[in-house]
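Colleague: Spelled out from the first residue to the last, the chains are:
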Amino acid sequence: MSIPFSNTDYRIPQGFGNLLEGLTREILREQPDNIPAFAAAYFENLLEKRAKTNFDPAEWGAKVDDRFYNNHAFKVQQPSGATEPEEVPPEKCAPEKDTSQETVKEQETQASFVEETTTDEEEEAAAAAVKIQAAFRGHKARKEMREMKEGSTEEQEME
Amino acid sequence: MPLPDTVFCAQQIHIPPELPDILKQFTKAAIRTQPTDVLQWSAGYFSALSRGDPLPVKERVELPVATQKTDTGLTRGLLKVLHKQLAHKGIVDLTELQDKWKTLCLPVETLKFILRMDPVEDTVEWMKFFSLGCSALGGTLQSAMKHACEILTEDPEGGPARIPFETFSYIFSYLSSLDQDRTESDTNLFLNHLEETVVARKNGMIGVSDFFIEDKKKFHPV
Numbered sequence: 094m095s096i097p098f099s100n101t102d103y104r105i106p107q108g109f110g111n112l113l114e115g116l117t118r119e120i121l122r123e124q125p126d127n128i129p130a131f132a133a134a135y136f137e138n139l140l141e142k143r144a145k146t147n148f149d150p151a152e153w154g155a156k157v158d159d160r161f162y163n164n165h166a167f168k169v170q171q172p173s174g175a176t177e178p179e180e181v182p183p184e185k186c187a188p189e190k191d192t193s194q195e196t197v198k199e200q201e202t203q204a205s206f207v208e209e210t211t212t213d214e215e216e217e218a219a220a221a222a223v224k225i226q227a228a229f230r231g232h233k234a235r236k237e238m239r240e241m242k243e244g245s246t247e248e249q250e251m252e
Numbered sequence: 004m005p006l007p008d009t010v011f012c013a014q015q016i017h018i019p020p021e022l023p024d025i026l027k028q029f030t031k032a033a034i035r036t037q038p039t040d041v042l043q044w045s046a047g048y049f050s051a052l053s054r055g056d057p058l059p060v061k062e063r064v065e066l067p068v069a070t071q072k073t074d075t076g077l078t079r080g081l082l083k084v085l086h087k088q089l090a091h092k093g094i095v096d097l098t099e100l101q102d103k104w105k106t107l108c109l110p111v112e113t114l115k116f117i118l119r120m121d122p123v124e125d126t127v128e129w130m131k132f133f134s135l136g137c138s139a140l141g142g143t144l145q146s147a148m149k150h151a152c153e154i155l156t157e158d159p160e161g162g163p164a165r166i167p168f169e170t171f172s173y174i175f176s177y178l179s180s181l182d183q184d185r186t187e188s189d190t191n192l193f194l195n196h197l198e199e200t201v202v203a204r205k206n207g208m209i210g211v212s213d214f215f216i217e218d219k220k221k222f223h224p225v
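In the order they appear, the protein sequences are chains A and B. Take 94 as the starting number for the first sequence in the numbering used here and just add one per residue. Take 4 as the starting number for the second sequence in the numbering used here and just add one per residue.
The reader is advised that the hints may include incorrect statements.
What the simulated footprint calls covered on chain A by chain B, stretch by stretch (three residues with Cβ under 8 Å from a Cβ of chain B suffice, anywhere in the stretch; the number is not a length) [as the list claims (entries may be wrong)]: (1) 108 to 114; (2) 128 to 137; (3) 149 to 162.
I should point out that these hints are in silico values taken from the structure, not numbers from a laboratory. For glycine and all other residues, C-beta sits at the position ideal for the given N, C-alpha and C.
So here's chain A without its partners, still in its complex pose (with noise of 0.2 Å):
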């Protein structure tokens, strides 16, 4: 058991993790014999390139762990959703259960709006079939009536 003799921690440098991790690859992969030998030359590489290119490994490890623990992503999502939850189309985060119970709503009121321009039309199709069907039985009343009065004409002049 180790007792806190100071209120101070003991903290690994910034990025040190990314260069330890680098170093350990490395030798894994090349299975040197002298090890600190090989590990001198792979940092004076690192510094060469870092006088070169200004890319510095552990500085790059620092910032990646500083994105991953302080995340702002989510903090700059969350006041946008509050504040104007109405205007935010549902394809974007907003607050979910309001614009849920909204859209269940709406489309509750869409459905009785179906049902009710179902049967406008039903009886506006009802109506159109009567005024046909009363027409095409008039048509054909009127037909038999002509074929009546043509075949009593024919027979008449048959005889």
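With the hints as your guide, set chain B onto chain A.
Modeller: Structure of chain B alone, referenced to chain A:
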């Protein structure tokens, strides 16, 4: 047909038996030393390790001192590390000194500033540079001597911080020779006075309390 280079599972990776210990010591050293430029320090650490030199590692973690922000970046712990690395050489190449200086992530300007106090060419006597470093740590001669004692002592931390009187008198006379305000006779008088008290204690060691107590009394009158 065998594929010798293909790795299929973790059991195939051969871990050198000495690797875990190297990595562990490296990590512990990094935590203790808390280098500001990890990459630079790591390069220095392994080049020292491969050559078998003393490592650029603090013995204990050093808490950040308030003056460090305004100060040059040199701390007592860092000077101690330098002393451990270079003291056994006696006379040090400036290039080597600068190399070690950089490894500890110290600014080169500070080194130049320290060296300007007593300009040298190519090589510098380590004890002289060490004395200059001590005076850079503490503004006054007294606090410089206090730092010197606390670094050079073999007593445990927080102890009386005793060092051999010869070392003390060497650093003291060197630093006071650079100070125009102090005459040589003053210095000798002070050293003679101290030597009397030290000889009385037989072991030839001088601690911080032997010369620093007078200064303290001014601030804390009993």
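Colleague: If a hint holds in the structure, say so; if it doesn't, say that too.
Modeller: Hint check results:
no. : hint       : verdict
1   : 108 to 114 : holds (count 4)
2   : 128 to 137 : holds (count 8)
3   : 149 to 162 : holds (count 3)
This entry satisfies every hint, going by the numbered hints stated previously.
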